[in-house]
Amino acid sequence: MASSRTSESRAAPQQVTEVPLAADESRVWRRRHVLDLDDFSADEIEAVMETTAAMKEILSRDVPRAPALRGTTIVTLFYEASTRTRASFELAGKVLGADVINLTSSGSSVEKGESLIDTVRTLQAIGAQVLVMRHSMSGAPYLAAEHCDARVINAGDGWHAHPTQGLLDLYTLRSRIGALKGRRIVIVGDVAHSRVARSDIWGLSKLGAEIVVCAPPTLLPAELGKPREDLSTLRPSSGQAGSGRVALPDVTLEPDLDKAVSGADAVMTLRLQQERMAGGLLPSLREYSRLYQVNEARMAKAKPGAPVLHPGPMNEGVEISAAVAHSAASLIEEQVQNGVAVRMALLYLMRGSR
Amino acid sequence: MARLLTIIKGGRVLDPANAVDMTGDVLIEGDVIKAAGADLSPRASTGSARTEIKVIEAKGLVVAPGFVDLHTHLREPGYEYKETIETGTRAAARGGFTTICAMPNTEPAMDNRGTVDYVMQRAAEQGLVRVLPIGAVTKGREGKLLAELGELADAGCIGFSDDGSPVADASIMRHALEYASALGPSTIRQDSGQAPSISSGQAGSGRGLAIIDHCEDPQLAGGVMHEGWVSTRLGLKGIPSASEENMVARDIALARQTGGHVHIAHLSTAGAVELVRRARAEGAHVTAEVTPHHLALTHEAVMHREGYERLAYDTNAKMYPPLRGEADVAACIAGLMDGTIDAIATDHAPHAVQEKLCEFDLAANGIVGLETALALSLTAAVTLERVVEALTIGPVRALGLDRSIPGIGTLSEGAPADVVIFDPKREWTVDPADFVSKGKSTPLAGRTLRGAVVATVYAGEVVHALEGTGA
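Residue numbers (the numbering used here), protein chains in the order written: chain Z, 1 to 354; chain H, 1 to 471.
One chain only, chain Z, in its complex shape (with noise of 0.2 Å):
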């Protein structure tokens, strides 16, 4: 995002006695839209925790409110059916003081068929300063973020990306386990259409964790974990940039769970959905249940302790079984705590960068 960087100034100093910070924050934090991990530092996902870090403390106060945001008016626009990470994003604004509108696509303009380019307009016209988007379709936060001035922040693109999810993944995961480098972590399930498990795979990749990916292969997506001969050899006369940038994040690929989860430092389940059997991916849920579970004789397999992971909303006994879902080693419930912790931290960093 060299583009808006090189556009942005630094940000400014603010006056926020209630937030207790790291102190080099500004430093690294220049990002201007939130739109996936791919093109995150490492130091700026450690400012990311860090800030985390910060608003649990925040929200753990008997009056959780900490008005940094006072004044900032919110934008959260949902094409896209949405529970818990639309709640958390509002809950989150709330809690910082800003003005928070939730717009979904019934009920608005979008059915009269206006534009998403149209939509967003508007919404900058009114005031938005943060739009917070989600849309079925891969790519379009970042059509929006192209054409208008709010920041945007992606809550979730198609099977693309979801890096609010991937970041409180990451938070929770660090604060079980620890430093990520070196760890393996296996993410189980549909990874070809979702976007928890891309932004997820990015997130751990740029901090360094082992990645191992287990699915059926009609439920990978093309030439992940696959040798790439062509991506190093782009022709000149293609003109196009390549050099230097990242494909695809590496990861091993091992179709046998029993395998995949032997010596896993943790354990990332997806959430399958029905569909898919309708498309000829699958062959039943009984088959997937009974290939792809994550159970307690697989568990079993893992580190001693190893935790489970699912974005929600899940299937108990399809791709997750009852008892793991709810035993110790589950995560699920911080997973959605700290949900509102990182979108505090995220709409906090981005009040300066303009």
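The set of hints was computed from the structure by calculation and includes no laboratory data.
Being a predicted model, the structure only gives us computed values, none of them experimental.
C-beta atoms are modelled at their ideal positions from N, C-alpha and C, and glycine is treated no differently.
Certain hints may be false.
Among chain Z residues calculated to face chain H with C-beta under 7 Å, some are [as the list claims (entries may be wrong)]:
1. G139
2. Y142
3. G158
4. H160
5. P249
6. L253
Assemble the complex: chain Z is given as a structure, and chain H must be docked to it using the hints.
Frame of chain Z; chain H shown alone:
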């Protein structure tokens, strides 16, 4: 009336059909080529007092037969907001094209004589270059019932296609190939300002008319870009290479079965190129075209846009078939160079701005190509000589267009006086705002390309001249 001679002097005359590549002149009398070769000024000056001579200096420039595009979407009738015959043919002239084959996915579709007649009439009145219609294979392009191919041939159609969609039903494709194999082309005489006069098709030319197929297996398609690491990165639904290859393999089998002629539109995958290569070696009547963008760009264009650092989700790089991987680009270039692929065709597919300024999944498919075709082809790793061949006699022979218009795609004596003059070294930066096409959608905006059309001569008249060149 004075006899009008035009002499294009001192250029590199490149006429692949006649194996001519020499410095010299091209002499035009009225609307036909008189001669092409070495110094022709003595012949030009032997005229009577009533002879008017126009001289076009072409020193340092390439002089070649006017380009022929087998694959243009003119959008008229029905989608005049995207393009019209007038703007589309102007764009063609600007790109060096003197003949463009109009795809039938108009509204109504060119599946009947009335619509074809309308297009031909409009082209005669407003077109700057020659328009040859391609008829629909099936009624309404619905893939169910054969259109009246015989009458479409009589109306001047030079082939048939349901382009935009494949002929999905193998049985319909089989029957179309069989039926079209017995049809002859019509002879077309198109004078500007008048309706074209068409003499009905001669049977027994032996080759029939081609079915031009947009090869995409509907069950495997359904994505919005090439399936590969970029689609994974962007979270966009991919179209696997097998989607194209499956249909190409089917069409080859049907061409063998029927003896019919299948022309594969816009080849894009390494596997499909190899299938065509083998089929041709084995004698099947299969021809093929490739677009300049499939020769020069990869799926990375969806992700990266010139001068833009974020993921681009560039709808100006969205088209069917999609831009594919490095190996596919290399295979398309190799296929063009070894003759597996006959022609470079633009698949010029203009859309209105708002149809591209939206979410990637919702964006219209297709980009404009007429005004960048030469430069982009030259920018790809293809030789100048082969590019000219694949833009002139290549497409003519692929579909047998010389049966309708003798001499087209050549500088032979008596051929239509269709000539392009271009500077293969001149660099220019693509600015879609400069396009004369109504369509502005191209992934090349801001890119500097090499190779500029200096002048285009159609039927003896200069229909395009680059500003400041004096042509």
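Right, here's what the structure says about each hint:
| no. | hint | verdict |
| --- | --- | --- |
| 1 | G139 | holds (3 Å) |
| 2 | Y142 | holds (5 Å) |
| 3 | G158 | holds (5 Å) |
| 4 | H160 | holds (3 Å) |
| 5 | P249 | violated (10 Å) |
| 6 | L253 | violated (13 Å) |
When each numbered hint is compared with the structure, violations occur for hints 5 and 6.
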